[in-house]
Amino acid sequence: MPLRLRGGGGSKRGMPAAPTVTPKAVIHQKYGAKACYSVEEVREAVDGGCPGLALPQQTRSVYRCSLDIPGLTVVTPGTFVRKKDAEQAAAQIALDKLGIQPTANAPSTPEESWDELIARISGFFADENFPSSSHPLIGHMCVTFRRTGDRFGMIPMSAIAACDVKVIGLCKLIDPKAEFDPLLVLSLIYNAAKKSPGVSVSDSNFWIWSQKPYSPEAVDLALQHWSGITDPIEVDGIFVPCMMEDEPKTIRLTLSHNEHYMGDIVSKLSASDSSHVVVSRTVGKASSEIRLYFSAPNVQFVSEISHNVVSSLGDGYMESLINKRASFISGQTIYGDAILANVGYTRRDSELHTEDVALSNYYRILLGKSPDGNYKISRDSILVAELPSVYSRSSWKGLSPRDLLCSFCRLHRLAEPYFAVNRVSASCKVLGSPVSSEEMDVLKNAENQCASDGKNDKENPDMFKCDVKIYSKKQELLLEYSTADTWSKESDAIHNSSLKVLIWFCSYFKQPNKHVLKLSHSKSTDGFTICPDNFLHEFAMFLSIYGNRGGDDSSACSTVGSLSMDTSKQKLENNAVLAHIDGPDSGVFPSHGSLTCISYTASLVVKDKTNRYTLESNNEFEFEIGTGAVKNQIESCVSQLSVNQSACFIAELPPKDLILAAANEFSHDLSKISRDNCFLEFSVKVTEPLEDRMEKALFNPPLSKQRVEFAVRYINELHATTLVDFGCGSGSLLDSLLEHPTTLEKVVGVDISRKGLTRAAKSLHQKLSKKSLMQTSVPTAVLYDGSITDFDSRLYRFDIGTCLEVIEHVEEDQASLFGDVVLSSFCPTVLIVSTPNYEYNPILQRSAMPNKEEEPEENAGPCKFRNHDHKFEWTRSQFQHWATGLAEKHNYSVEFSGVGGSGDEPGFASQIAVFRRMASGQDEVCQEGELHQPYELLWEWPNASLPSH
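Okay, so the sequence shown: first residue is 1 according to full-length UniProt numbering, each after it adds one.
Hints are computed from structural coordinates only; laboratory data are not their basis. Don't take each hint at face value.
Said to hold, decoys possible - Below 25 Å or equal to it, Euclidean Cα-Cα: the simulated SDA-like pairs (lysine to any residue) are:
| # | residue 1 | residue 2 |
| --- | --- | --- |
| 1 | Lys755 | Glu717 |
| 2 | Lys30 | Thr59 |
| 3 | Lys746 | Gly729 |
| 4 | Lys166 | Leu72 |
| 5 | Lys97 | Gly153 |
| 6 | Lys83 | Lys285 |
| 7 | Lys705 | Lys369 |
| 8 | Lys83 | Asp115 |
| 9 | Lys656 | Lys465 |
| 10 | Lys285 | Phe180 |
| 11 | Lys397 | Phe80 |
| 12 | Lys397 | Ser507 |
| 13 | Lys607 | Asn664 |
| 14 | Lys770 | Val806 |
| 15 | Lys510 | Asp657 |
| 16 | Lys510 | Met541 |
| 17 | Lys166 | Gly71 |
| 18 | Lys369 | Thr486 |
| 19 | Lys166 | Arg147 |
| 20 | Lys767 | Thr789 |
Just so we're clear, the structure is a prediction, and the values are computed from it rather than from any experiment.
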């Protein structure tokens, strides 16, 4: 049966959904100031914490709340991460006990919303207990409480828009255009304030204050909670001019004692006073306070906006005031010059929050608006990374295509992408399954269910295809993508279709003028259907800024002035010149389709000077050759280098926006440098593939899983009840053993890394807790901190000892010492030791990064170790010599095997020795008087700290 899931964005959204009445709001309506909330802060271990672990663990603050109302006191039974959630929970408990239901629904019409807006603004100023609350608007009020004179208690109306989400929601219900127009929000607040009981407003500015003075007690409580500025605070912001000819620049804001922070902002905007500052919604991360500030026109003009009188002045007048760049990055209409700053009051702080905003922050926000911008940022590679042309689960890095597309739509204030996943069955027709972007978790669960439906599904597996639709907030179709490509997993179908849509948007954003002409055609041959009128309307602001470029503004730096250039050096694509190749030729070259790892540094160099600015540096950057995942010059350079070779080359300058986004602390200095006076230099090195990357390229299942299955066979063969893993690390073997049915009753891990043991304890605790709840057989588990070359009598005569891929991480003499100690003192019945087979390395390295040209094997140089941390890697003869000597010395037999490969030449990828203790006439006994216990017990299961079930 096909999955039947509700499609995202299926309902029309002509106006925002009405906000729901919270339990706390109902309590306030009935009891007002008589309702007293008391919040207690407690500390608890973070998620993933492990009871019984003998190490300090990270904790966090959580909250429980008690609520006192006349005749009733309630306390939340649990804790909450946020204070307001604890308060809401307490309020809900009180409502349940009292049998109270909300007497009225939340406002759902413009008229109801207008009345609610008036009441809410009145509550800020007429309720004498409001200053004692934790609402961030009190932070604005406290600045005025510290004043003397005419403006005592007066705050700018924009402070309400900046601090109260509910006010913004009500404004959007009154007029949906308020979501995109902060000036309209100010107009609605001003007109509502004039009708609000107990509130005073001015006819000449946008100050608002209480008609009745607050009580001294309420003011004192507010001042105690919200600390003031003792010394002036300097914070950097970005001035975004309205004139497109002028560039954004850094400015310094000075926030003074007892002065509202909008006062210094208004001085930079040449407005009459700080009440005329208009505030946008947050820009960039929702958790930040980065906003755009601009100056409002006169009061009469603003007050008439919400009455639709301004439209009579003509669209041309308003259009001339729009700041296109500021409007583009905020998704709202910003008028005149603007300032981008990170300053404000929040519920999280008891003082004014401030943080510098550099030019690089501005250009990163701008970069995030592009279809591939968040991919570059997620990979921390602005100048090198490009959105790959294909998606593969094994090689994709950074945010997934689906997440990138969802983020792109949110940043452009579009509806969530609509994914229509269709199951193509071998025995059925195409079965439609519309899937919203929010329902991926449901889809994954269903995918897992389908995977276990039976043999018929394995013989005739279903395939999936995904169509994508992009809608505006008003549910107007902008773009539709249909594909005939099918995939074996729903998630792969969604990611691949998302990537196709992102690539189309990238092409459009780079050459908007060229694509505007194509948009007139309703159907294209590549599966895309565009609704040109709707599309051009939604991206009108982008076109107004970038439509005159005619393409990618990346002026090439084809000459380098007086720099001395060697004309014999090979020319790369796009005018990049490869030079200074360092390192011997290893014979192992990146090739098409291989997963390659590089380290690189990108520097901006000023000609004829010694100034060099490091724009970007990355010690380990992975990408797949041939997928367009990096700049052409980088891939062209890398394809000519063998592993461990490096080179430098001069490349064309990227667009100025990208340079300044990558510049970080240099962004202010670089904004003043002429492009004609500098060039971009890359230093690139091809680094060695990692061990696990090489193994995954060749083995399925991975070698690590094959080693676990090897150990399980011996456990069940011996009916072993005890096992100790020497060098357990983060517990991967012990954790994996719990997923297999075995006879084990006790498992022990030993390692010298306390960090690894902590991870092992958390993982084992989680898995054992689940097994215990299911009332299945649960073994005892113990973790010790200690060296595997030290004997501990508590681990004497275990049935099985394991030491998988450990000995190569210590020096060879320590590996021999371990063998002596474990076989002579610990004396397990069976010991399983695995280590990499050095002779197999050429196969692994060729599979992970094939040679550019096949060479005879005898001409190949020596192979490198699989991991930089390996102290040695043995051939089969070396390993067998080591193991045979130990077995003969300590009365053990030994047999050799392995995993990975067939065992034919050159042997297994991971070679294994299995030691068996031979029967002797007189068993050795560890006497009680000879107990030696150097290991420190870190964690055990079960333990006293665990709750009883």
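Report task. Check each numbered hint from earlier against the structure, then list the numbers of those it violates in ascending order. Result -> 1, 2, 4, 5, 7, 8, 9, 11, 14, 17, 18, 19 and 20
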